[in-house]
Structures are given as structure tokens and as C-alpha cells.
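Enquirer: Sequence:
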Amino acid sequence: MKEKKRTGSLARRPGRTFFSFSTSEPYRVRYNNPVRHIGVSVMSSLVRFGVSMEKDLCDIFDQFIQEHGFNNRSEAIRDLIREKLSLEKGFKSKEVMGTVTIIYNHHFKNLSENLTEIEHSFQRNILFSNHVHITHDYCLEVIVVKGMEKQLRDLTNRIGGQKGVLMALPSFITADIRWEDQIDVSC
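Numbering (my numbering), first residue to last: 1422 to 1608.
Rather than coming from a laboratory, the hints here were simulated on the basis of the structure. Since we're looking at a predicted model, the values are computed, not measured. Built from N, CA and C at the ideal position, the CB exists for glycine as well. Some hints could be false.
[What the hints assert, rightly or not] Label pairs and their calculated CB-CB ranges:
#1 1565 x 1496: 31 to 37 Å
#2 1557 x 1584: 14 to 20 Å
#3 1483 x 1544: 37 to 43 Å
Build out the structure end to end from the sequences listed, making use of the hints.
Expert: Here is the structure:
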């Protein structure tokens, strides 16, 4: 089989790193991992896409890759995506409780008003929130929530989708956990 010619570019802009690769069809990669594939060569299609991020974030990500023993960025990104997707599948259709932690730059136009409006539309799910000023520009807000997992993911996604929000991190547990089964009170 004749190998397709790859075209790609590595374009650098001040403060950003951008990797872009394009092909007319997905690459075929041969895996020969005896543990995963029991010694059988398997063909798998890979889809290439570009990822852009700030240079500082890219440097931190490269350090993360090295510390965790990944062979390359693609491997690390695939692993992180799998982990995130498996976490999201865990609580589907269950009542959960936990926190949504957000970090944002309050100087973005209308951001504070938009966040307040979003939080008001989820008032049945929000038990309380706490707001802390990290620096002159950035704020940390921890929102304690309870409700159906899908609703709370919706809240997290709406907040995280606002311009100026650096991070919206959910942390949920099932609301029906029996603490007496988890804690040894015989001490």
C-alpha cells in the first residue's frame, strides 16, 4: 500500500503553541502490544486534529507528560479524554452532591452578571456558594450543589462556557451514600 504524503505545520504565535496536521484520510497505525491485544497486530484508525493552547500551559503539559511517563502528547491527551469520559458516565441518572469549583477573571465584560444569572436559574440545585479573591483579577468560587447528575453537569458546562472562566471543575459523589458503612465509629 502506498503511503499518503503528510502535510503539516507548526505555527508559533506569541504566547501560543499550535500544532496542525491534515490528511485526506485517517492514518492507519499498527499496534503490536501483547498485553492489550494478546500478541495480535490490530489496525486502528486515528483521527488527527489541531490543538491550540497558551505556551505556559503547553510547557506545564509537557512536564506532566514527562512526569507521568507518556511517550508523547497524543498519548497523554487520549488518556485524559478517556479518564474524563469514564468519570462522566459514572453517575448518569443518579442524584449526586458535591461542588463546582470555578476560577475566573472578573474583568471580562458582564461575566459576573452572567454567572449570577446562571446560578439563579439553578437555585434548586445550589445549596450555597463561597467566593474568594485570589488576585486583583482572578476569583475562586466554590458552589455546593445537590441534584440529578445531568442537571449539575449542565450547570458546570454553562458556567465553563462563559468567556473569562478559566476552569469549571465538578466533583460529585452519590447522594445516597451510607456514611455509617464508610466510617469506623468504634474508636
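Enquirer: In ascending order, which of the hints set out earlier in this document are inconsistent with the structure?
Expert: The structure conflicts with no hint, since it agrees with every one listed earlier.
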